[in-house]
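Chemist: First to last, the protein sequences are chains A and B.
Sequential numbering from 1 applies to the first sequence in the numbering used here.
Sequential numbering from 1 applies to the second sequence in the numbering used here.
These are computed hints drawn from the structure, not numbers from a lab.
Be a bit skeptical, because a hint or two may be false.
One copy or any two copies: either way a pair holds, since identical chains are not told apart in the list.
[Stated by the list, open to error] Keeping only pairs whose Cα atoms sit at most 27 Å apart, straight-line, the calculated DSS-like set for lysine-lysine is:
no.: 1; residue 1: Lys368; residue 2: Lys327
no.: 2; residue 1: Lys290; residue 2: Lys64
no.: 3; residue 1: Lys50; residue 2: Lys370
no.: 4; residue 1: Lys207; residue 2: Lys297
no.: 5; residue 1: Lys368; residue 2: Lys129
no.: 6; residue 1: Lys78; residue 2: Lys360
no.: 7; residue 1: Lys374; residue 2: Lys296
no.: 8; residue 1: Lys48; residue 2: Lys315
no.: 9; residue 1: Lys315; residue 2: Lys47
no.: 10; residue 1: Lys48; residue 2: Lys329
no.: 11; residue 1: Lys48; residue 2: Lys170
no.: 12; residue 1: Lys290; residue 2: Lys244
no.: 13; residue 1: Lys244; residue 2: Lys374
no.: 14; residue 1: Lys290; residue 2: Lys315
no.: 15; residue 1: Lys327; residue 2: Lys360
no.: 16; residue 1: Lys48; residue 2: Lys362
Protein chains: 2
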Amino acid sequence: MYKLITTDGMAKRGSFDTVHGTIQTPVFMNVGTAGVIKGGISTVDLKKIKCQVELSNTYHLHVKTGDELIKQFGGLHKFMNWDGPILTDSGGFQVFSLTTLRKIKEEGVYFSSHIDGRKIFMGPEESMKIQSNLGSTIAMAFDECPHSRSSKEYIIDSVNRTTRWLERCKVHLHKLNSLDDTINKNQMLFGINQGGTFNDIRIEHAKTISELDLDGYAIGGLAVGETHEEMYDVIENVVPHLPKNKPTYLMGVGTPINILEAVDRGVDFFDCVYPTRNGRHGHAYTNHGKLNLLNKKHELDDSPLDEGCGCEACKNYSKAYIRHLFKSKEMLAGRLVSLHNLYFYNTLMEEIREAIEAGKYKEYKKNKIKNMIKLN
Amino acid sequence: MYKLITTDGMAKRGSFDTVHGTIQTPVFMNVGTAGVIKGGISTVDLKKIKCQVELSNTYHLHVKTGDELIKQFGGLHKFMNWDGPILTDSGGFQVFSLTTLRKIKEEGVYFSSHIDGRKIFMGPEESMKIQSNLGSTIAMAFDECPHSRSSKEYIIDSVNRTTRWLERCKVHLHKLNSLDDTINKNQMLFGINQGGTFNDIRIEHAKTISELDLDGYAIGGLAVGETHEEMYDVIENVVPHLPKNKPTYLMGVGTPINILEAVDRGVDFFDCVYPTRNGRHGHAYTNHGKLNLLNKKHELDDSPLDEGCGCEACKNYSKAYIRHLFKSKEMLAGRLVSLHNLYFYNTLMEEIREAIEAGKYKEYKKNKIKNMIKLN
């Protein structure tokens, strides 16, 4: 399903066939937590901003609207009117970051909903069941994302449990895919590598899960408080021990520079809330770094957010007008900058793919980063 | 400038030439208080939802972003990237409804800003100056909108002052239009009829202001607490005393049924915040009445907001999905329903124009209202 088209150093240029279309990698997945991109962005907009893959959150869809309802409706694709690939996370990250009163057991995690305090149990089978109900293209394995400052001893225990959970995920998803009323019988499974910043644990774990012959492999538990250098070091150490003929997904990362660096270390898939979160707060990504639109210097600036950008915001509106929208607390403000930021990320990935194809990735990366750090 | 194409009973079908294009009437102006439509709707969207005229608020643009800044930028058209007609209200209504510590004098009104309490003075000359700075297509005269429960004595005094203010507006706008650095030297002026629900005062005032040969005439001070029947009665009484060869504008009105009734009494221009305000709160206008999307019965409803509607929301999303967006407090919820509601209003006006042209307005109105009251 994954075809490695070419490489440039460690950078991979691939394509990944799914029942919902072929994904060109490296790719940035556009995050729509509750089955919708924040900032008032619809799936009609996604088509216009070069989005290839939409990512939704299992936890949020489960505790709010309910995956059973979405299954009854015909699945997430039909519900949100998106015919391209969708990746759903496993819920694990939210269970460990949003909820309170968690109890981790061998069978799974007992926790209270962050919405209404309702007691919920989620284990590998429950996570697979929810993702099967949603009918996403790619399901993520249910894992534990331990605190970045956990002891080595705790991390070893946790990673071993995550491996056992992964095996249960594989078995259970296989079973769900064979049921008559399953929405997407070709749902794929990505495993998740954990191990904090301990490279020895990470490498050992990467080797173990690689043997399970999954559809793809993610590196989880990064961008949770460690430095960028520690993160790059983990990626450099782990990637060589993950299958080269499968996509590698760096979960929840990150800034444009993080992405440029991670591609150079062999990563194919990315996702991050930065483009829309920053967009809603008036921070625009540009080829010369990040702009703060609330800055008074933009008050009369009739230039677009980023010269030469082809997005709806840049083709039609000035920094001055968008600043006015933020100052007036108007919804259009967040929408325009979120649209721009996602277009910026998706265009960056397009450029990255072209640079790898041309065999000029290192040079491209160097110039790109040099320009981006100008403003920051 | 106003051409009466045809009539059907009292209903007028006209066209109104402006420097920013010709307006086909009856028309609904889409309200963008602070130079932007609420609900995350851009001027690019306005082109798609059949908007002919955008309406902005003098008071909000003056106290927040500042009309001087917008003038420096080249005017409101350039600022918001809208090349069609813009009507600006005079600020009068907001001065009388939003501010505190008002003092009404012959020269104008002293009041405190609702944003920061700053003391501001606004009179006819100031309102014309601000609207000239904005460079709108049509400026509204500065008037007093008295409380609906004011005494007849107070209303007589107030209306007389409004007439004197109107004369000053006309003189001052004429002067501003002749200045070298004025953005729109063809800015037009509409006068405003007042008089509460006292038809004798209204009629007398209508006759007086008609003599001033303005570009258009508005009926103000309605939809402020009186019944629909009282409002229709005022319109029926006043319209015959306003020039037939000029557009008549019913300010701040109203529901689709209000509009259908007012057109039948000779009104050309309308504006109202209902489509976007209701849109943001999950209330959708349809040809069968108003829907509340928060209603549980829509939970699994895969039909669009209004069958046969050509708007982006109806062509792509179900009631169930939009309901989910409201329940999840996602920005896209308000955007989709606001887009739909404005499209609904603009399409209603299109139908109204066709029905008048066909000489079947009464029949059209009767059927339309019969269907609309089904759900309400």
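Chemist: Does each hint hold? Answer for all of them.
Modeler: Checked hints:
no., hint, in the structure
1, Lys368 to Lys327, "neither (31 Å within a copy, 41 Å between copies)"
2, Lys290 to Lys64, "between (34 Å within a copy, 26 Å between copies)"
3, Lys50 to Lys370, "within (25 Å within a copy, 45 Å between copies)"
4, Lys207 to Lys297, "neither (52 Å within a copy, 51 Å between copies)"
5, Lys368 to Lys129, "neither (42 Å within a copy, 48 Å between copies)"
6, Lys78 to Lys360, "neither (40 Å within a copy, 42 Å between copies)"
7, Lys374 to Lys296, "within (19 Å within a copy, 52 Å between copies)"
8, Lys48 to Lys315, "both (13 Å within a copy, 16 Å between copies)"
9, Lys315 to Lys47, "both (17 Å within a copy, 15 Å between copies)"
10, Lys48 to Lys329, "both (25 Å within a copy, 24 Å between copies)"
11, Lys48 to Lys170, "neither (35 Å within a copy, 47 Å between copies)"
12, Lys290 to Lys244, "neither (34 Å within a copy, 56 Å between copies)"
13, Lys244 to Lys374, "neither (35 Å within a copy, 63 Å between copies)"
14, Lys290 to Lys315, "within (19 Å within a copy, 36 Å between copies)"
15, Lys327 to Lys360, "neither (42 Å within a copy, 48 Å between copies)"
16, Lys48 to Lys362, "neither (29 Å within a copy, 44 Å between copies)"
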